[in-house]
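**Q** Residue numbers (this note's numbering), protein chains in the order written: chain A, 1 to 277; chain B, 278 to 630.
In the BS3-like style, the derived pairs of lysine-lysine whose C-alpha atoms are separated by at most 27 angstroms in a straight line are: (1) A/260 - B/508; (2) B/500 - A/272; (3) B/576 - B/539; (4) B/539 - A/240; (5) A/14 - B/358; (6) A/75 - B/544; (7) A/158 - A/192; (8) B/544 - A/28.
These are computed hints drawn from the structure, not numbers from a lab.
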Amino acid sequence: MEQLLVPMMCRIDKVIQETPDIRTYRLKFKEEGMMDRFNWLPGQFVEFSLLGSGECTFCIASSSTRKETFDCSIKRAGVVTADIHTGLDEGDEVGIRGPYGNWFPLEDLKGKNLLFVGGGIGLAPLRSLIQYCIDNRKDYKDFTILYGARTSADLCYKDEIADWRKDPSLKVILTIDKPEETWKENVGVVPKILEEVVKPVVENTKVITCGPPIMIKYTLLSLDKLGFAPKDVITTLEMKMQCGLGKCGRCNIGSTYVCKDGPVFTYEQLKKLPDEF
Amino acid sequence: MNTEIFVTDKAGLATFYEAIIAKHETYAPVEKFGKYEFKKVSALSGCDPDAPIATTMSAKPLFFPRSAKIMKYTADASGTKVSETDEDPLSAQRVILGMKHCDARSLQVLDKVYNWDFIDTDYQKRRRNTVIISARCDKADTHCFCTSLDYNVERLDAMDVLIVNGADGKVYIEPRTEKGKSFLEGDLTHHMTHVRDNEEAAKAMKKQYDAFAGSFRLNMDYKTVNEGLSKIFDSPQFENVSDNCVGCNTCAFVCPTCHCFKISDEKVKDTGVRYKSYDSCNNGYFTLMAGGHNPRPVKYRRWRQRALHKFVYYKERFGENLCVGCGKCTRACPVNISIFEVVSTLPHINNIQ
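Required output: the full structure, derived from the provided sequences and hints.
**A** Okay, structure coming up:
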């Protein structure tokens, strides 16, 4: 077991300050050829070590179709993430274990309209899938991305969103919680905009959503109201994890190991789990 | 039936133990202040293979160390170097004496979680390299309930060699696995009578078992417990049963089947060590996420997780109860919470049956 817990060292290629409290770390394995052997699918996660400070679980925020490097977007939230933000810069080294967990059901998404609903840092796991789907564009039908944050400053991946908007085959809708003087787009929480502005077509559509627990809770209710079947709504769970190997017992919800059976679940699957959220 | 049994007496058993200790790396219960712990021993006089059942600590640390080094690392201007730690001292060939049924059974339960998906090779190696030899208990203790659970205590094959102290003064030694069988071949059993399919021996062993099985104060039907607990997730009774809990986690520490762990770093200047150590779902921080969200922020939810993991979730996932009925948690609990009482009365309280 102990060997399975030893990370591989990565060098930080680039640091992008996304928002005041979110930074994206672009990583590359130090060992020659390791990047080629490191294969992941959208939705999987890694254990990210700042040696001496600790290990944290982050999703891989970029797609394996762009494999020169991989991204982890990290929000400053606790002890280790604070150390990461203050202590890590370009050229520094971090430990990575993974990839772990399951991935978005890529086969099921083929030939479907895709509706992505993200909030705050919750866009990170969706971004991996969005990039993957853009790189395999012909496999998917209509593309809608609804993304919200508390304020305009809290929106992640601003440059990439600007690129997505240049692509006429992608529909991108942004929203912030409260009005701001210079903000000309939607104002209101994600579920409200989903119902009032996006008004998605239910037929042949899969919804992929991730965000803070409170957003997920109300988004699921809205989707239900709009007529989406629970099996067509896919989310990725946030749960404390440590080993990523289905051993340490931390991420259990009922008999489910979120780190092995998840983190990606359909709403249908979630409904069957004990109510621990 | 093809049962091989070695028959001897108390003195012959002592000779047997002595020969094992002389020849093999041996672990056995060692007493300290009236409590027992498995330690490496070099003479029979320094240990007690027939220690009373309430050994206060299980043999779990011999398979799943309390704290194991994952790696060492150095980080300086030239970069970061990770080195795996020294060879595991627990993986040599060894014998464990006095590891009772409940304790031995716990390994069969743990095998399920360690051998699914990612394989814990260290654990497997320790399992493979260990010969377990134990006498069957003669009498159940106040908190024992192994005979109420989902395994056949009488025919258990979790220990490699079973020793039975017959009421007739004779000692019966029976290999229970292939490993046990080959272990008993040779010098160790030269001074014993070797019998095969012997009715008298079988009868004496059965008599001893029946007396033991009849000595239990606690009895329950685990199927009723599995079924009942699976329906009371929302029961307010979890608050009552966990009310006294002080959150010391001693129950998980002494439990032979609790296997949750945490990963932590210790660093001094440029060098550090990463450890994997015991943890418990009863810890408030166990599921606390950065940012403050915690799915089990209150005690009763953590206690519910503990009870349901043992009697519902693990059973669903791996087909076994994550409890062997040893009663160690109850004996060690500073506020007298009995897992038996909790799981066997909760379903009744809620009138589900």
